[in-house]
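Asker: This is what each chain is made of:
Protein chains: 2
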Amino acid sequence: MKRVAIIGVGHSKFGVRADATYCELAFEAVKEALEDAGITQKDIDISIVGSVGNRLYDMYPAPLVNEYVGLTSRGPLRVEAACASGSAAIFTAYNTIKSGFAETAIAIGVEKMCEVDTPTSTAIGGRGCYLWEFHMFGTSFAAYYALFATAHMNKYGTTEEQLAKVAVKNHYYGAKNPKAHFQREITIEQALKSRVICWPLKLYDCCPISDGASAIILASEDKVKELKIQDPIWILSIGYSSDTGNYTRREDYTSIKSTRIASQMAYKAAKINPEDIDLAEVHDCFTIAEIMAYEDLGFCKKGEGGKLIDEGQTWIGGRIPVNVDGGLKAKGHPLGATGCSMIHELTKQLRNEAGNRQVPLKNYLALAHNVGMTGQYCYVTILGR
Amino acid sequence: MKRVAIIGVGHSKFGVRADATYCELAFEAVKEALEDAGITQKDIDISIVGSVGNRLYDMYPAPLVNEYVGLTSRGPLRVEAACASGSAAIFTAYNTIKSGFAETAIAIGVEKMCEVDTPTSTAIGGRGCYLWEFHMFGTSFAAYYALFATAHMNKYGTTEEQLAKVAVKNHYYGAKNPKAHFQREITIEQALKSRVICWPLKLYDCCPISDGASAIILASEDKVKELKIQDPIWILSIGYSSDTGNYTRREDYTSIKSTRIASQMAYKAAKINPEDIDLAEVHDCFTIAEIMAYEDLGFCKKGEGGKLIDEGQTWIGGRIPVNVDGGLKAKGHPLGATGCSMIHELTKQLRNEAGNRQVPLKNYLALAHNVGMTGQYCYVTILGR
Chain B
2 MKRVAIIGVG HSKFGVRADA TYCELAFEAV KEALEDAGIT QKDIDISIVG SVGNRLYDMY
62 PAPLVNEYVG LTSRGPLRVE AACASGSAAI FTAYNTIKSG FAETAIAIGV EKMCEVDTPT
122 STAIGGRGCY LWEFHMFGTS FAAYYALFAT AHMNKYGTTE EQLAKVAVKN HYYGAKNPKA
182 HFQREITIEQ ALKSRVICWP LKLYDCCPIS DGASAIILAS EDKVKELKIQ DPIWILSIGY
242 SSDTGNYTRR EDYTSIKSTR IASQMAYKAA KINPEDIDLA EVHDCFTIAE IMAYEDLGFC
302 KKGEGGKLID EGQTWIGGRI PVNVDGGLKA KGHPLGATGC SMIHELTKQL RNEAGNRQVP
362 LKNYLALAHN VGMTGQYCYV TILGR
Chain Y
2 MKRVAIIGVG HSKFGVRADA TYCELAFEAV KEALEDAGIT QKDIDISIVG SVGNRLYDMY
62 PAPLVNEYVG LTSRGPLRVE AACASGSAAI FTAYNTIKSG FAETAIAIGV EKMCEVDTPT
122 STAIGGRGCY LWEFHMFGTS FAAYYALFAT AHMNKYGTTE EQLAKVAVKN HYYGAKNPKA
182 HFQREITIEQ ALKSRVICWP LKLYDCCPIS DGASAIILAS EDKVKELKIQ DPIWILSIGY
242 SSDTGNYTRR EDYTSIKSTR IASQMAYKAA KINPEDIDLA EVHDCFTIAE IMAYEDLGFC
302 KKGEGGKLID EGQTWIGGRI PVNVDGGLKA KGHPLGATGC SMIHELTKQL RNEAGNRQVP
362 LKNYLALAHN VGMTGQYCYV TILGR
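Sequence order for the protein chains is B and Y.
Note that this note's numbering numbers the first sequence so that position 242 is 243, with each residue one more than the last.
Note that this note's numbering numbers the second sequence so that position 177 is 178, with each residue one more than the last.
Hints were generated in silico from the structure; no laboratory data involved.
Check the hints yourself; a few may be wrong.
No copy labels: a pair is met if it fits in one copy or bridges any two.
Result set (DMTMM-like, lysine to aspartate or glutamate): computed pairs, CA atoms no more than 25 Å apart in a straight line [unchecked claim]: (1) K177 to E354; (2) K156 to D44; (3) K3 to D223; (4) K308 to D223; (5) K3 to E222; (6) K258 to D223; (7) K272 to D223; (8) K269 to E222; (9) K269 to D46; (10) K272 to E161; (11) K3 to D46; (12) K32 to D20; (13) K303 to E36; (14) K272 to D46; (15) K258 to D46; (16) K43 to D277; (17) K43 to D253; (18) K14 to E186; (19) K272 to E186; (20) K177 to D20; (21) K226 to E252; (22) K302 to E25; (23) K303 to D20.
Whenever a hint applies, use it, and build me the whole structure from the sequences.
Answerer: Now the structure itself:
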């Protein structure tokens with residue numbers, strides 16, 4: 002079976018991008034990815050756009066984006082997997098190469114979220130469908146994750162301080178990332194004193210609403226040789242899963258089951274264990290989500306996520322550095338862009354190009370974990386060099 | 002490379018389905034497909050939902066649909082390619098099998114369009130974005146296709162009567178299809194006298210707004226053997242392309258370039274010629290679209306599409322029967338469902354299970370042609386037995 006490499010990555014500045022349209026954001030990322038790969042649009046066989054979309058701009062974002070970035074005729078579809086749409090685009094692009102449809106593919110994750118009255122503001126503000134919410138009508142995303150947090154605190158003694166420490170770490174690294182939405186360090190005191198959004202989650206426990214884009218160029222092993230690319234980054238495996246949105250059917254609220262299934266699938270396919278991973282990007286839409294991810298991805302035992310951040314093990318220099326680009330929390334979370342942004346960071350890290358945020362590499366293995374909604378989608382992607 | 006078979010097909014009744022929700026429509030199709038394949042939900046590895054979507058129901062249709070039809074944990078994403086979303090779902094499902102991710106996959110195309118004030122009503126009523134419409138601001142889909150029709154009439158002498166004949170044929174077959182939205186024959190006089198929507202297109206030149214779903218189950222060659230399925234239908238190839246949405250950049254308005262590219266790609270990969278095809282499902286969102294498809298797919302020479310319908314060559318018994326299930330025109334066009342519905346019909350035909358609409362088979366080869374927007378998406382899928 003063909004191997005698939007990452008040969009180019011690009012990333013727009015994340016943030017409140019009133020200066021750029023949806024298509025312009027995509028272009029920022031695509032331009033950088035093409036330059037990074039040293040190729041042009043004509044070298045791209047297929048384009049997959051990952052976006053939740055925004056009908057203020059267009060019902061059909063893919064042709065619009067492809068036209069604007071110079072990829073007309075390459076775009077067969079848009080994919081959507083809520084907050085995991087970027088990973089879904091990479092998964093789809095990867096499959097088009099593995100199946101022989103294409104030798105090169107680009108995954109373009111893009112979202113414009115900072116206007117009001119848009120589906121995406123609705124999408125992140127509320128779950129959107131009451132069918133599965135009947136016993137908790139009106140539950141917003143913050144409320145769902147507050148539910149996870151209280152359950153985790155109750156069962157494992159996880160504390161508000163531990164949640165705040167995740168925010169402090171991610172803001173620390175966000176401050177070093179010029180592409181991050183927030184480039185400002187915070188203290189534990191600031192985090193703990195910030196206003197309550199949905200207890201125990203406070204302002205600094207929540208990721209922001211951001212605009213942004215990221216693009217990843219994939220190529221078959223043959224194409225890597227043809228382009229004479231030395232030492233590329235390889236996609237070793239992708240795991241995926243989805244859990245029920247009906248909370249009455251969930252096993253418990255202290256874990257995301259689809260993360261466990263997707264990561265096991267990815268570890269098995271890559272023939273590695275969690276201990277082998279040098280660094281990870283995990284889906285920290287709320288600080289509790291990062292703590293659950295530590296556990297569900299196997300970076301520590303169940304219930305010991307709070308301890309892991311207490312010990313500083315997820316900082317650079319620790320056992321498993323996590324979200325050293327700022328994470329969703331400080332870098333921002335433009336839904337469709339996030340999955341691609343994670344792969345962007347890991348690619349730079351595995352190339353030793355991450356500058357003052359570089360993680361020391363031992364096995365040259367990295368993991369990206371991207372969740373949609375509250376686990377209705379999950380992708381785990383393992384990269385190696 | 003693995004071969005991929007179609008082992009089950011299902012189809013809801015198309016029409017104004019005020020009696021069924023979005024999820025219920027999907028269930029009708031999925032239930033029938035599972036029964037047709039003789040398997041249950043637990044045999045499905047992966048589920049791909051093709052839908053333009055409708056935020057009245059949910060921003061994120063795939064988890065909702067998968068939950069409702071008993072496929073929780075199987076659904077990694079939704080795909081959207083406007084009116085070609087069903088074909089995009091099949092393309093994506095096909096790739097997940099070809100790439101080794103899955104042994105079985107289901108493509109679920111579903112749309113609920115008959116409520117007012119929805120994105121889908123906007124989506125089909127208007128193009129939605131003025132960026133590429135600057136020299137024809139406000140152009141609706143009917144207006145775009147009227148533009149194609151007048152250009153075709155001007156260049157090739159195609160007549161309003163020829164357009165009407167397409168409608169008459171498709172209504173004739175729709176009348177024999179219990180799943181069709183319209184099950185009523187019409188006369189040329191009725192078609193020609195129906196009210197003008199956008200000249201030269203009249204009411205009977207336009208497909209209706211319909212609700213509906215269709216589901217297709219795919220399996221790898223190994224799985225076909227394991228399930229002891231005798232004589233399945235095979236996907237021989239899929240071609241895709243996309244053309245610019247900027248009409249100032251189109252070569253002309255008498256042809257859909259992406260149809261030509263996608264069909265050439267599909268013929269080449271299947272190693273066959275247009276003459277080998279026993280029957281086709283083509284994208285007749287408007288009658289002129291069917292005439293252009295005859296030409297762009299190579300069923301006749303450019304400019305001779307009108308003559309082909311005049312001679313009755315696209316009726317059963319003719320050289321290349323087209324849309325003998327009623328087509329989008331009479332069967333209906335629930336955007337996401339349409340691509341799957343085409344494959345449903347062709348599978349039934351290739352199995353000789355099409356009853357009073359059965360096409361005599363010579364080479365056991367069939368072609369589905371599904372366009373998104375006005376060629377911004379195009380998929381051509383070739384099936385064989």
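Asker: Take the hints in turn and mark each one as holding or not.
Answerer: Do the hints match the structure? See the list:
With identical chains, the CA atoms of K177 and E354 are at most 25 Å apart within one copy only, with a shortest distance of 14 Å there and 65 Å across copies. With identical chains, the CA atoms of K156 and D44 are never at most 25 Å apart, being 53 Å at best within one copy and 36 Å at best between copies. In this homomeric assembly, K3 and D223 come within 25 Å of each other (Cα to Cα) both inside a single copy, at 8 Å, and across copies, at 19 Å. Taking the closest pair of Cα atoms, K308 and D223 never come within 25 Å of each other, the shortest separation being 45 Å inside a single copy and 47 Å across copies.
Taking CA atoms no more than 25 Å apart as the test, K3 paired with E222 passes in both settings, with 7 Å inside one copy and 19 Å between copies. In the homo-oligomer, the alpha carbons of K258 and D223 never lie at most 25 Å apart, since the shortest distance is 37 Å inside one protomer and 30 Å across protomers. Proximity of K272 and D223 under a CA criterion of 25 Å is satisfied in both settings, with 23 Å inside one chain copy and 24 Å between copies. Both within a single protomer and between protomers do K269 and E222 lie at most 25 Å apart by alpha-carbon distance, with minima of 22 Å and 24 Å respectively.
Taking the shortest Cα distances, K269 and D46 sit within 25 Å of each other only across copies (17 Å), while inside one copy they are farther apart (30 Å). In the homo-oligomer, the alpha carbons of K272 and E161 never lie at most 25 Å apart, since the shortest distance is 36 Å inside one protomer and 64 Å across protomers. In the homo-oligomer, the alpha carbons of K3 and D46 lie at most 25 Å apart both inside one protomer (16 Å) and across protomers (21 Å), since each shortest distance falls under that limit. Taking CA atoms no more than 25 Å apart as the test, K32 paired with D20 passes inside one copy only; the shortest distance there is 17 Å, against 49 Å between copies.
Neither within a single protomer nor between protomers do K303 and E36 lie at most 25 Å apart by alpha-carbon distance, with minima of 43 Å and 41 Å respectively. In this assembly of identical chains, the alpha carbons of K272 and D46 lie at most 25 Å apart only when taken from different copies (21 Å versus 30 Å within one copy). In this assembly of identical chains, K258 and D46 lie within 25 Å of each other by CA distance solely across copies; the values are 17 Å between and 36 Å within a copy. Taking identical chains as interchangeable, the C-alpha atoms of K43 and D277 are never at most 25 Å apart, the minima being 38 Å within one chain and 33 Å between chains.
For the identical chains of this complex, K43 and D253 are inter-copy neighbours only, at 23 Å across copies versus 49 Å inside a copy, given an alpha-carbon limit of 25 Å. Taking identical chains as interchangeable, the C-alpha atoms of K14 and E186 lie at most 25 Å apart only when both belong to the same chain, with a minimum of 18 Å there against 58 Å between chains. In the homo-oligomer, the alpha carbons of K272 and E186 never lie at most 25 Å apart, since the shortest distance is 38 Å inside one protomer and 61 Å across protomers. Proximity of K177 and D20 under a CA criterion of 25 Å is satisfied intra-copy only: 23 Å inside one chain copy versus 56 Å between copies.
Taking the shortest alpha-carbon separations for K226 and E252, neither the intra-copy value of 47 Å nor the inter-copy value of 36 Å comes in at or below 25 Å. When the C-alpha separation of K302 and E25 is checked against a cutoff of 25 Å, the pair qualifies neither within a copy, at 43 Å, nor between copies, at 41 Å. Taking CA atoms no more than 25 Å apart as the test, K303 paired with D20 passes in neither setting, with 44 Å inside one copy and 46 Å between copies.
Of the numbered hints listed earlier, those contradicted by the structure are 2, 4, 6, 10, 13, 16, 19, 21, 22 and 23.
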